[in-house]
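For reference, the chains in residue letters:
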Amino acid sequence: MKASTIRAWSWTHKWSSLVSTLFLLMLCVTGLPLVFSHELNAVLLHKPWTPAHADGRRLDLDQVLEAALARHPGQVPAFMSFDEDRPVVNVTSRDPNGPAGKFSFEPVDQTSGEPAPLVAGHPVMEFLLQLHTDMFLGLPGMLFLGAMGLLLVVAVVSGVVLYAPFMRRLPFGTVRAKKKARTRWLDYHNLLGVVTVAWVTVVGLTGVVNTLATPILSYWKDTALKELTQAYDAPAAPGERASLDAAVARARQALPGMALQFVAFPGTAYTTDHHYAVFFHGDTPLTTHMTTPALIDARTGELAAVARMPWYVKTLSLSQPLHFGDYGGLALKILWAILDLITIVILISGLYLWLGKGRRRT
Amino acid sequence: MSRKDLSLWAVFGTPLVVGGLSLTGLIGALLDDGAWDWIGSALLGVCVIVIGWALVRRRRWASPAPAGGGRCYSPRRSGGVASSVRMRMASSTVTMVWAWLPRRRMATLPSSASLRPTTAMAGTLATECSRIL
Numbered sequence: 070m071k072a073s074t075i076r077a078w079s080w081t082h083k084w085s086s087l088v089s090t091l092f093l094l095m096l097c098v099t100g101l102p103l104v105f106s107h108e109l110n111a112v113l114l115h116k117p118w119t120p121a122h123a124d125g126r127r128l129d130l131d132q133v134l135e136a137a138l139a140r141h142p143g144q145v146p147a148f149m150s151f152d153e154d155r156p157v158v159n160v161t162s163r164d165p166n167g168p169a170g171k172f173s174f175e176p177v178d179q180t181s182g183e184p185a186p187l188v189a190g191h192p193v194m195e196f197l198l199q200l201h202t203d204m205f206l207g208l209p210g211m212l213f214l215g216a217m218g219l220l221l222v223v224a225v226v227s228g229v230v231l232y233a234p235f236m237r238r239l240p241f242g243t244v245r246a247k248k249k250a251r252t253r254w255l256d257y258h259n260l261l262g263v264v265t266v267a268w269v270t271v272v273g274l275t276g277v278v279n280t281l282a283t284p285i286l287s288y289w290k291d292t293a294l295k296e297l298t299q300a301y302d303a304p305a306a307p308g309e310r311a312s313l314d315a316a317v318a319r320a321r322q323a324l325p326g327m328a329l330q331f332v333a334f335p336g337t338a339y340t341t342d343h344h345y346a347v348f349f350h351g352d353t354p355l356t357t358h359m360t361t362p363a364l365i366d367a368r369t370g371e372l373a374a375v376a377r378m379p380w381y382v383k384t385l386s387l388s389q390p391l392h393f394g395d396y397g398g399l400a401l402k403i404l405w406a407i408l409d410l411i412t413i414v415i416l417i418s419g420l421y422l423w424l425g426k427g428r429r430r431t
Numbered sequence: 004m005s006r007k008d009l010s011l012w013a014v015f016g017t018p019l020v021v022g023g024l025s026l027t028g029l030i031g032a033l034l035d036d037g038a039w040d041w042i043g044s045a046l047l048g049v050c051v052i053v054i055g056w057a058l059v060r061r062r063r064w065a066s067p068a069p070a071g072g073g074r075c076y077s078p079r080r081s082g083g084v085a086s087s088v089r090m091r092m093a094s095s096t097v098t099m100v101w102a103w104l105p106r107r108r109m110a111t112l113p114s115s116a117s118l119r120p121t122t123a124m125a126g127t128l129a130t131e132c133s134r135i136l
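Going line by line, the protein sequences match chains E and H.
Number 179 in this note's numbering belongs to position 110 of the first sequence; there are no gaps in the numbering.
Number 67 in this note's numbering belongs to position 64 of the second sequence; there are no gaps in the numbering.
Since the hints were derived computationally from the structure, they do not count as laboratory data.
Any given hint might turn out to be false.
Stated by the list, open to error - Here are the simulated SDA-like pairs of lysine to any residue, each with C-alpha atoms no more than 20 Å apart in a straight line:
hint, chain 1, residue 1, chain 2, residue 2
1, E, 249, H, 59
2, H, 7, E, 235
3, E, 248, H, 17
4, E, 383, H, 7
5, E, 426, E, 231
6, E, 383, E, 286
7, E, 383, E, 293
8, E, 247, H, 61
9, E, 383, H, 30
10, H, 7, E, 231
What the hints assert, rightly or not - Covered by chain E, per the in silico footprint, the following chain H stretches (three or more residues, Cβ under 8 Å):
hint, stretch
11, 11-17
12, 40-49
Claimed, not checked - The following label-pair restraints were derived from C-beta to C-beta distances:
hint, chain 1, residue 1, chain 2, residue 2, range
13, H, 7, E, 192, 29 to 39 Å
14, H, 58, E, 406, 14 to 24 Å
15, H, 36, E, 186, 21 to 31 Å
16, H, 38, E, 127, 53 to 63 Å
17, H, 55, E, 139, 23 to 33 Å
18, H, 58, E, 292, 46 to 56 Å
19, E, 288, H, 58, 40 to 50 Å
20, E, 288, H, 36, 29 to 39 Å
21, H, 38, E, 126, 34 to 44 Å
22, H, 12, E, 193, 15 to 25 Å
23, E, 94, H, 55, 42 to 52 Å
Positions of the beta carbon are idealized from the N, C-alpha and C atoms, including for glycine.
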């Protein structure tokens, strides 16, 4: 490789890393507890609970919705989801005149309509998640972090290119422990970087895809679902909506054998202004992460369409487990955390090498 | 001491193998459950093991040979062994050995079946939506 080529790659590596390092450090630090969010929520929110009537008849979904909204007057439903291991339905609602992205979360005992204890969404974990997702800046924050993710990928690629000239005379895994600190840390930086390159690239790229969730879903609604919305002029108001319970039952008929995951109410990002979107997932490990919605006309309760997800929404769905590492049990999570810590060391050592270089020049 | 340039394969061979195993583990655990969760973790864990190997080798390489030459890697025994400072003082020469170390028993992945979450909350919509919205 020519000296000028190496200089160009070195410049690319330096600036792509420097610009993004602070934000990547924030993402790594906040991402660490988020890897164990399920376990931490279980510990932080642990509260013994049994349903009011374990063997009794369960309320239908309309009754559950009514009970949840009664505790949040003036709010409109956004989502409804279902716990697997207890008879609890979670209703997410929002103030129609409030700030976008601010939700209330109400777990409801389906046997009585009474509140059930939270098992997810501890305030500390929510704070970390929000910081990690958009730094409390909404869509601009998400897109900015996506740009930082792209810079990470550029830094990884340029780092791999530079690895060859740096290591052309050193066997793999060399750490020149007896040399001065800067040389030693350069070796650590190279070793840790090249060994974790696949994981860092996957987590970085899937993070970038996740930051594009809002534009991806908007595009899906504006293209694939456009025909479904053309028949109506105004959004379906809460007062003119058909029974939710009947809508879910109708959706189940359209997608037999699939598991109910959640319902998106009209006006949310996951559906149109005129349809309940009832999301189901498959029962194989792969299809568990991929959802298929049945769109039910919110006014008539009739099935409007089964909207098979296009490739870009499937990519978004698969990006989430690959980014968060929550799909392979506790062992995978522990590895995710270790690799996250290693990435922190890579970032700090890169910063140290740059600072050391500047000091040496002066 | 001058060294010859290594071939591209010598430079990138091990990182390529480790990267390939990591990707296989990441995707394998996503495509199947049960055994593949463990296989996937083990394959991804290779990169941690490789880093551990390099660090152990570094530490051993940093320790100079005992006086009188002989073995480069002196096993540490409890009692009667010179401290690393004294060893360094006693050592007249430092032998650099780049050869692959004898194989060591790697720590096995913890058997944490009992620690695995026994329940899955598919109703993670709040989490999912707050991640996305």
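(request) List in ascending order the numbers of the hints, as given earlier, that are violated by the structure. (result) Hints 3, 4, 13, 16, 17, 22, 23 are the ones this structure does not satisfy, whereas the remaining hints hold.
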